[in-house]
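> Make a model of the complete structure from these sequences and hints.
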Amino acid sequence: MSEQPSNSNSAGSQGPRNKGMQIQIWIMLIMVGSVMLAGTLMVPNTEEERQRMIEMLGTTNQGTLIKPAIDISTVLDAETASSLKWKILVAGGQSCDDSCQKVILDTRQIHILMGKLVRRAERVYLADAAQLDDEQYEQLALAHPHLTIKRGGTTELGTLLGNSSMGWDLSDTRYMVVTPDNDAILYYTQDDDVMGLLDDLKHLLKYSPDR
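Numbered according to my numbering, the sequence shown terminates at residue 217, and the numbering increases by one at each position without gaps.
Take these hints with a grain of salt, some might be off.
[As the list claims (entries may be wrong)] Pair by pair, the computed Cβ-Cβ distance ranges are:
| no. | residue 1 | residue 2 | range |
| --- | --- | --- | --- |
| 1 | Met27 | Gln115 | 45 to 55 Å |
| 2 | Leu35 | Glu162 | 53 to 63 Å |
| 3 | Glu162 | Ile33 | 53 to 63 Å |
| 4 | Gln30 | Pro151 | 53 to 63 Å |
| 5 | Met27 | His209 | 32 to 42 Å |
| 6 | Arg157 | Lys108 | 18 to 28 Å |
| 7 | Met37 | Gly168 | 43 to 53 Å |
| 8 | Leu35 | Ala147 | 53 to 63 Å |
| 9 | Leu123 | Met27 | 41 to 51 Å |
| 10 | Gln145 | Asn169 | 30 to 40 Å |
| 11 | Glu85 | Ile33 | 50 to 60 Å |
| 12 | Gln100 | Arg125 | 32 to 42 Å |
FYI, nobody ran anything at the bench for these hints, they're computed from the structure. It should be emphasised that the depicted structure is a prediction, and the values quoted were computed from it without experimental measurement. Cβ coordinates follow ideal geometry from the N, Cα and C atoms, glycine included.
Listed below in structure tokens is the structure:
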């Protein structure tokens with residue numbers, strides 16, 4: 007009989023401790039739930055939302071934003087324009103010389119380094135007859151079998167992008183990121199570190215719905 011008060015005191019002393027642990031557990035659950043909810047709300051569901059996300063996170067871009075984003079669907083062939091893939095577009099320069107070839111090779115390596123995301127992107131080289139004759143076209147197609155090569159449309163591309171913040175006259179070879187809706191949104195020069203393209207693509211695809 008003398009042990010009963012001891013058991014009662016022990017149970018009473020554990021009550022506040024248990025209550026404190028329960029409060030801590032609830033706080034942790036609320037914090038985890040809040041983070042998950044915030045992450046869900048931040049993922050854009052439309053291209054308009056994605057554009058706003060790009061603007062909000064613009065300072066993290068390695069490439070330079072094209073303002074406003076320019077629809078270049080008219081300079082792409084029908085199959086490429088309707089592919090719903092992200093595009094790494096290379097264009098410009100007086101000819102496909104060594105520096106141009108290096109850009110094409112570098113962007114191929116970036117495409118490979120995308121890993122499991124590789125299927126969501128494609129590479130496109132836009133040139134004209136003055137830059138790429140028939141023999142050069144065949145050599146380039148043989149060296150880069152997964153590169154879409156389109157001859158024509160460079161003048162129109164220059165006009166479209168010349169009206170944007172890019173202000174480009176196609177005198178030098180550049181590469182850019184184009185959305186599945188064919189909007190050019192980022193560009194890079196040969197002075198930029200090509201690895202920045204990989205960082206930007208991974209960042210953009212993370213916040214873009216897989217269509």
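> Of the hints given before, which are not true for this structure?
As far as the earlier hints go, not one is violated by this structure.
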